[in-house]
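Taken in sequence, the protein lines are chains C and D.
Counting in this note's numbering, the first sequence runs without a single skipped number right up to 425 at its last residue.
Counting in this note's numbering, the second sequence runs without a single skipped number right up to 425 at its last residue.
These are computed hints drawn from the structure, not numbers from a lab.
Some hints here could point you the wrong way.
As the list claims (entries may be wrong) - DSS-like mimics (lysine-lysine), calculated; alpha carbons at most 25 Å apart, straight line:
hint, chain 1, residue 1, chain 2, residue 2
1, C, K48, C, K92
2, C, K328, D, K97
3, C, K324, D, K26
4, C, K124, C, K260
5, C, K345, C, K358
6, D, K358, D, K384
7, C, K13, D, K328
8, D, K13, C, K328
9, D, K124, C, K324
10, C, K13, D, K124
11, D, K243, C, K13
12, D, K153, D, K13
13, C, K324, D, K328
14, C, K324, D, K97
15, D, K153, D, K43
16, C, K153, D, K26
17, D, K254, D, K328
18, C, K124, D, K44
19, D, K44, D, K324
20, C, K243, D, K273
21, C, K273, D, K384
22, D, K345, D, K97
23, D, K273, C, K273
24, C, K124, D, K273
25, D, K273, D, K345
26, D, K153, C, K26
Protein chains: 2
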Amino acid sequence: MSPNKPINESTDKLTIGLFGFGVVGKGLYDVLHSTPTLRSSIKKICIKNPEKKRSIAAEHFTTDASALLNDESINVIVELIDDADAAYRIVKTALQKGKAVVSANKKMIAEHFEELLALQQRHKTAFLYEAACCASMPIVRNLEEYYDNDLLKSIRGIINGSTNYILTRIQEDQLEFKEALSLAQQLGFAESNPKLDIGGFDAVNKLSILLAHSFGVIAKPGTFIFSGIENIASPDSVRAREKQYSIKLVANAKKLNNGKLAAFVLPQFVTAKDELYQVENEFNALITESTFADRHFFKGKGAGAFPTASAVLSDISALRYNYKYEYKKIFHQRDTALSNDFYLKVFISTDDITKISKADLEWIEEWHNEISHSWLIGVVHAEKLAAGDWWKQDGVSLILCPDPVIEDIEYRKISKRSLELAGVV
Amino acid sequence: MSPNKPINESTDKLTIGLFGFGVVGKGLYDVLHSTPTLRSSIKKICIKNPEKKRSIAAEHFTTDASALLNDESINVIVELIDDADAAYRIVKTALQKGKAVVSANKKMIAEHFEELLALQQRHKTAFLYEAACCASMPIVRNLEEYYDNDLLKSIRGIINGSTNYILTRIQEDQLEFKEALSLAQQLGFAESNPKLDIGGFDAVNKLSILLAHSFGVIAKPGTFIFSGIENIASPDSVRAREKQYSIKLVANAKKLNNGKLAAFVLPQFVTAKDELYQVENEFNALITESTFADRHFFKGKGAGAFPTASAVLSDISALRYNYKYEYKKIFHQRDTALSNDFYLKVFISTDDITKISKADLEWIEEWHNEISHSWLIGVVHAEKLAAGDWWKQDGVSLILCPDPVIEDIEYRKISKRSLELAGVV
Numbered sequence: 001m002s003p004n005k006p007i008n009e010s011t012d013k014l015t016i017g018l019f020g021f022g023v024v025g026k027g028l029y030d031v032l033h034s035t036p037t038l039r040s041s042i043k044k045i046c047i048k049n050p051e052k053k054r055s056i057a058a059e060h061f062t063t064d065a066s067a068l069l070n071d072e073s074i075n076v077i078v079e080l081i082d083d084a085d086a087a088y089r090i091v092k093t094a095l096q097k098g099k100a101v102v103s104a105n106k107k108m109i110a111e112h113f114e115e116l117l118a119l120q121q122r123h124k125t126a127f128l129y130e131a132a133c134c135a136s137m138p139i140v141r142n143l144e145e146y147y148d149n150d151l152l153k154s155i156r157g158i159i160n161g162s163t164n165y166i167l168t169r170i171q172e173d174q175l176e177f178k179e180a181l182s183l184a185q186q187l188g189f190a191e192s193n194p195k196l197d198i199g200g201f202d203a204v205n206k207l208s209i210l211l212a213h214s215f216g217v218i219a220k221p222g223t224f225i226f227s228g229i230e231n232i233a234s235p236d237s238v239r240a241r242e243k244q245y246s247i248k249l250v251a252n253a254k255k256l257n258n259g260k261l262a263a264f265v266l267p268q269f270v271t272a273k274d275e276l277y278q279v280e281n282e283f284n285a286l287i288t289e290s291t292f293a294d295r296h297f298f299k300g301k302g303a304g305a306f307p308t309a310s311a312v313l314s315d316i317s318a319l320r321y322n323y324k325y326e327y328k329k330i331f332h333q334r335d336t337a338l339s340n341d342f343y344l345k346v347f348i349s350t351d352d353i354t355k356i357s358k359a360d361l362e363w364i365e366e367w368h369n370e371i372s373h374s375w376l377i378g379v380v381h382a383e384k385l386a387a388g389d390w391w392k393q394d395g396v397s398l399i400l401c402p403d404p405v406i407e408d409i410e411y412r413k414i415s416k417r418s419l420e421l422a423g424v425v
Numbered sequence: 001m002s003p004n005k006p007i008n009e010s011t012d013k014l015t016i017g018l019f020g021f022g023v024v025g026k027g028l029y030d031v032l033h034s035t036p037t038l039r040s041s042i043k044k045i046c047i048k049n050p051e052k053k054r055s056i057a058a059e060h061f062t063t064d065a066s067a068l069l070n071d072e073s074i075n076v077i078v079e080l081i082d083d084a085d086a087a088y089r090i091v092k093t094a095l096q097k098g099k100a101v102v103s104a105n106k107k108m109i110a111e112h113f114e115e116l117l118a119l120q121q122r123h124k125t126a127f128l129y130e131a132a133c134c135a136s137m138p139i140v141r142n143l144e145e146y147y148d149n150d151l152l153k154s155i156r157g158i159i160n161g162s163t164n165y166i167l168t169r170i171q172e173d174q175l176e177f178k179e180a181l182s183l184a185q186q187l188g189f190a191e192s193n194p195k196l197d198i199g200g201f202d203a204v205n206k207l208s209i210l211l212a213h214s215f216g217v218i219a220k221p222g223t224f225i226f227s228g229i230e231n232i233a234s235p236d237s238v239r240a241r242e243k244q245y246s247i248k249l250v251a252n253a254k255k256l257n258n259g260k261l262a263a264f265v266l267p268q269f270v271t272a273k274d275e276l277y278q279v280e281n282e283f284n285a286l287i288t289e290s291t292f293a294d295r296h297f298f299k300g301k302g303a304g305a306f307p308t309a310s311a312v313l314s315d316i317s318a319l320r321y322n323y324k325y326e327y328k329k330i331f332h333q334r335d336t337a338l339s340n341d342f343y344l345k346v347f348i349s350t351d352d353i354t355k356i357s358k359a360d361l362e363w364i365e366e367w368h369n370e371i372s373h374s375w376l377i378g379v380v381h382a383e384k385l386a387a388g389d390w391w392k393q394d395g396v397s398l399i400l401c402p403d404p405v406i407e408d409i410e411y412r413k414i415s416k417r418s419l420e421l422a423g424v425v
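Work the whole structure out from these sequences, hints included.
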């Protein structure tokens, strides 16, 4: 088979070259070899460490990437390694050689999105990555296909399982952040270097990918507002419990009245009426809002070897009928762009009041000072959050209020003023 | 274009012949004509009543079905009429002529499933019907594609919006069944002849379709156990409130330990821990359980013109890249069959104790007699429910208990006996 020959439905078998043989890779191997109807087999597995004891014969393995990439009988590369830079080189070469590629590496995909898109176009080959967003949940494909023609208004969800597990423990067991993190690490829900998760970077990478498939916007990670959950302190959870809120790290993308798109990843107070309230532990969830379909809510396991393997399998299965992402929204809706021209209603708490840049706030609705802790509720322009980083420093936490996005601030200002005049506030 | 020529990706336009111009058809027309990127247009619309005032020019309409079916330039038939028999004739002819077909008619599809499947195979054309199950929610396609290679263990959900609306009103507003039904009819959530919904038939039709796409089982409606919600009486809702349960009409399909499949549609007591508890009013929901992906929960609007139109649109969009259901599970998993060889834990209430066939119950765990009402909790073999209809007669309601399916009854019998011996029960 020439490397550029497309995979034909129901005729050719998929011959897979697999990079990585961790828990996901091994699970995938077992399933493919016990399910002949998939008509897919793994020809060779590329690993980093040949000394490591493996559950299958040594002849299956190689440490030479080119043995897979140059093998013309291999028409699918499945990339399941941690190292984002190495993954990028593998995926790029495979696409250039006209092989179909399946990957779960959100960091690599988000950072190189534009180039990987161009490679797919140039070499007319498929690059699928369902496992990169919310593990087992069929999110990418549904956003790509199902909400194509419907007028999608917003997506909003919990897309990082580690932080959600930590937040659940903080709230249910009243643990301190550090205790909850340590528990998550013991249980394998967080990496030994957890910065990627708790700093919000992983959720940002995923939102970056979702923006392309939901709204046709290519936005590099870091071009929209985000924070993680590291600064959430005990008084914040106390405040949440008092108000019967739950704290969640929420990824948001929302069409604004000006036609542009607001996008951010921030902790939020979530009420019991919000579907995200019930999403606990390592579960992920996504709410889509669209003109015709109204609200859809999806919930599933967002992390773990088996959920990830199941998404990889689904991509492999889709290759059998030549499925490719069409990126229709990117090519047809070029006018959609990110914007920070909106306001957010926020809760800000701190151990030192001088850390808060009050000049950045439009107005303050509540203000409480305690001996070693202060907090306020106010409204801030998103551009000011994007421009400054005082709200991310140690000892300051910023948590969105329920329904945080305000577009029509003039109206709010007037109604606030009229309440003041009436002596109500 | 010859009628058998397949629709090519990104080249040919879809030229649609539309049957029916009710709210869904009209919504679809408006969207297709205001979204040029869809590259689809409606050439002609076949209606029953030419006298009715329409919002678009008369030249778009015809009452002659053959004007659409014989038009070789029309490559897609979209069928959105109520009459299941007329719909069947239209769809059959269209498939025979090699046209792709999109339909929302669950009754027609469920009743003629095997024949419509054979027609698709013979004429190598696409027949898509996402709108037939849970309206806007992308259920059929996800079951067909996403859970293909994963080992699906069960599906379980609320798949009829009218009955869920009625049950919500009974419980939240403490209405009698008849009052709630009348309210649903006033609001357009139930037909003037509501038997199809409240008798459970609509949910049965949908489960029949879902069985094919989830487990590869072709089961005509009526070949599995079902009832509706007509017999649910005030004492049942009182009992639900006392136990903090919600009553839902739940469709179930579950792999048994014997490898066969249990399938039934019955009212159920649902606990607050169950995801279905929060599914209210006209919303639908589905929970999938599978070996690798674990549990997925989907919720969305299961009825209404716009949600239905959005699913039809998604099918039309899928036709642009030649999408067809592959029915992989039907062709590869022929051994899966329905079975009634399992037990159900049930709550049965009645206005007349002689209506209950006690001989059909394996055992009774609770028994309460009040002046005009009695109820019991017991265990019944599914085959006995399938064989008899005493539990469906007026004045008797049967509601499943939480976690109703029992497979290992011997163990339960022994533990029950040991409790009796110990004097516990």
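These are the hints, each one checked on the structure:
For the proposed pair C/K48 and C/K92, the alpha carbon gap of about 19 Å is at most 25 Å, so the pair holds. The straight-line distance between the Cα atoms of C/K328 and D/K97 is roughly 30 Å, outside the 25 Å bound, and the hint therefore fails. Only pairs whose Cα atoms come within 25 Å are accepted, and C/K324 paired with D/K26 is rejected, the gap being roughly 32 Å. Of the supplied pair hints, the one linking C/K124 and C/K260 is violated, its CA atoms being roughly 31 Å apart against a limit of 25 Å.
Of the supplied pair hints, the one linking C/K345 and C/K358 holds, its CA atoms being roughly 14 Å apart against a limit of 25 Å. Restraint check: the Cα-Cα separation between D/K358 and D/K384 comes to about 11 Å, which is no more than 25 Å; the hinted pair holds. Straight-line distance between C-alpha atoms of C/K13 and D/K328 comes to about 16 Å, which keeps the hinted pair within the 25 Å bound. Between the alpha carbons of D/K13 and C/K328 the distance comes to roughly 16 Å, so the proposed pair stays at or under 25 Å and holds.
For a cut-off of 25 Å, the pair hint linking D/K124 to C/K324 stands: about 22 Å separates their Cα positions. Between C/K13 and D/K124, the direct Cα distance comes to roughly 22 Å. Compliance with the 25 Å bound is thereby established for this hinted pair. Taking the CA atoms of D/K243 and C/K13, the gap is near 55 Å; set against the 25 Å cutoff, the hint is violated. Between the alpha carbons of D/K153 and D/K13 the distance comes to roughly 40 Å, so the proposed pair goes past 25 Å and is violated.
Distance check on the hinted pair: C/K324 and D/K328 sit about 19 Å apart at the alpha-carbon level, within 25 Å; holds. Only pairs whose Cα atoms come within 25 Å are accepted, and C/K324 paired with D/K97 is rejected, the gap being roughly 29 Å. With a CA separation close to 44 Å, the supplied pair D/K153 and D/K43 exceeds the 25 Å bound. In summary, the hint linking C/K153 to D/K26 is supported, as the alpha carbons are separated by about 22 Å, within the 25 Å threshold.
Our distance criterion of 25 Å between C-alpha atoms is met by D/K254 and D/K328, whose separation comes to about 19 Å. Using a Cα cut-off of 25 Å, the hinted pair C/K124 and D/K44 is violated, with the two alpha carbons roughly 36 Å apart. Of the supplied pair hints, the one linking D/K44 and D/K324 holds, its CA atoms being roughly 24 Å apart against a limit of 25 Å. Using a Cα cut-off of 25 Å, the hinted pair C/K243 and D/K273 holds, with the two alpha carbons roughly 22 Å apart.
Simply put, C/K273 and D/K384 have alpha-carbon atoms about 41 Å apart, too far for the 25 Å limit, and the pair is violated. Simply put, D/K345 and D/K97 have alpha-carbon atoms about 50 Å apart, too far for the 25 Å limit, and the pair is violated. For the given pair, D/K273 sits about 15 Å from C/K273 by alpha-carbon distance, which is consistent with the 25 Å threshold. A threshold of 25 Å between alpha carbons decides the hint, and for C/K124 with D/K273 the separation of about 47 Å lies outside it, so the pair is violated.
Distance restraint check for D/K273 and D/K345: the Cα-Cα separation of roughly 18 Å lies within the 25 Å cut-off, and the hinted pair is therefore satisfied. Proposed proximity of D/K153 and C/K26 is supported: the alpha carbons are some 22 Å apart, at most 25 Å.
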